[in-house]
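J.: Once you've looked at the hints, dock chain B against the given chain A.
Protein chains: 2
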Amino acid sequence: MNRTDQSLENERICVIGLGLIGGSIIRALQAKGCGARVDAVVADANEARQARELGLVSEASTDVATAVAKATLVIVAVPIGAMAGVFADLAAALPADAVVTDTGSTKLSVIREAQASLGEGFARFVPGHPIAGTERSGLDAGFAELFEQRRVILTPTPATEPQALARVEALWRTIGARISEMDGAHHDEVLAATSHLPHLLAYTLVDTLARMAERTEIFEYAAGGFADFTRIASSSPSLWADIVTANHDAVLPVLDRYIGDLAAVRAAIADDDRDALAATFQRAKTARDGFAMRRS
Amino acid sequence: MNRTDQSLENERICVIGLGLIGGSIIRALQAKGCGARVDAVVADANEARQARELGLVSEASTDVATAVAKATLVIVAVPIGAMAGVFADLAAALPADAVVTDTGSTKLSVIREAQASLGEGFARFVPGHPIAGTERSGLDAGFAELFEQRRVILTPTPATEPQALARVEALWRTIGARISEMDGAHHDEVLAATSHLPHLLAYTLVDTLARMAERTEIFEYAAGGFADFTRIASSSPSLWADIVTANHDAVLPVLDRYIGDLAAVRAAIADDDRDALAATFQRAKTARDGFAMRRS
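Going down the list, the protein sequences come from chains A and B. For the first sequence, the working numbering assigns the number 1 to the initial residue and increments by one for each residue that follows. For the second sequence, the working numbering assigns the number 1 to the initial residue and increments by one for each residue that follows.
These are computed hints drawn from the structure, not numbers from a lab. You can take every hint at face value.
Remember, identical chains collapse to one label, so a pair may be satisfied in a single copy or spanning two.
Subject to a maximum C-alpha distance of 25 Å in a straight line, what follows is the list of computed SDA-like cross-link-like pairs (lysine to any residue):
hint: 1; residue 1: Lys32; residue 2: Ala223
hint: 2; residue 1: Lys32; residue 2: Gly224
hint: 3; residue 1: Lys70; residue 2: Thr174
The shape of chain A in the complex, shown without the other chains (with noise of 0.2 Å):
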């Protein structure tokens, strides 16, 4: 087998995790018609069988063991908080030759854990991260067309193997996605910034009114903006609440940047200085609509 050919064909593919991300990933991995041969690693006998139901794995199992003994190519995708004990279970049964890579939202914790428990596999260990997603999780919300012209970042460290990075690249590379290497430090600063800060300012903003005495008729005054502005609050709780913990070391900083910004903006208010409000706003303006712009 030639580990260069930068095709799935003559891979097996192991998912641990059926949720949002694993199931858009098989879904996806079918759709192209990659040609290799894929399992899974899912919860429980309920989620096995939904996975035979809809076609999507030739074998579901609930043990990491039995699942990964025969694979080339495990994609680690469960939740943040459960990547430690997932890398435990491979150590003991982990293929010599096979790769490791994850989809996790943060990327020093999941390395550290990586690295705690894979011994020499940690050399073929490609840290990883989609950006893309919903608010919504489980199996049944995801889709093939998730990581269609999203970026992956991947976070190789010193010891990663070119080639086992290689053979990430064409999964992702062959289910549409646009591939960036940087490093997990600032991966992990990067994604503080532009996505664990607003799931904290949404929940929070949402916690905020709901426990306001007379919540249930604000809610019924909010209009659009305000269903944008807090669907990321409807993501998962304990999915989040794990990112930000593991995430801490880079969330803090840029969340105190962001209190010391909101109490100018608030010393504005209290000043009536109109001005520097109008000032603040169109600054933020201009970088969201070169933002909008830029995507579109």
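T.: Okay, now just chain B, sitting in the frame of chain A:
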């Protein structure tokens, strides 16, 4: 003319200001075939030509006194910062029986300004606010369906004549809106929480990120959740600086409440208190999912 027939047929409507809201009102009136003559006060000759070319108004003038001379129902749809000037112009020109309403995002400030200028005409002033809009602004941004099934909040004062209220209700019912009534102070508190605060948070977030050194790159890795969360930061800076300043009294308490809650979330992150974070996020998700369900 029977003033209680709840139809617009005999009204001669003058819309002052053809931005998103004013432009959508005249499009909606036209689409509904309301039968009323509709004139407009526009910002400049260019906008007057545009309004005539779109076939939206009978007459478009830049002069309030000329435009309202024969009006029976005047809709003031200018930005909050321009309300006081329009009421001053109306004071001298308003026909004795004409009803006046507005579409401003804050109500106590508008009521104060109307009372200061309109004299006896204040009894026929019906403060209003359609809870509808997009992040876009200007005559081009308007569309006839903007108010369909959306709420409009009317905040009559003790001085407001019931017949004036009934005629403004007929206007909004004709173009598809659902009418709510509350007092102006309560309106301002509710909107501070569900609209003004989210705008402040979104503007501040985008500005915080835009001023970070690596900002271009940061926005590259932002995904759909960020796009939704920050959409309202593309709203008109000048309009929103005026709204927040005008609603100073209601915005500050809810902003302070939010700042306190965000400090508690920060403390939970600093303490690695994952369970406290999960509990906050869960309360928020439950409230947000309930809100989404009521909307759909």
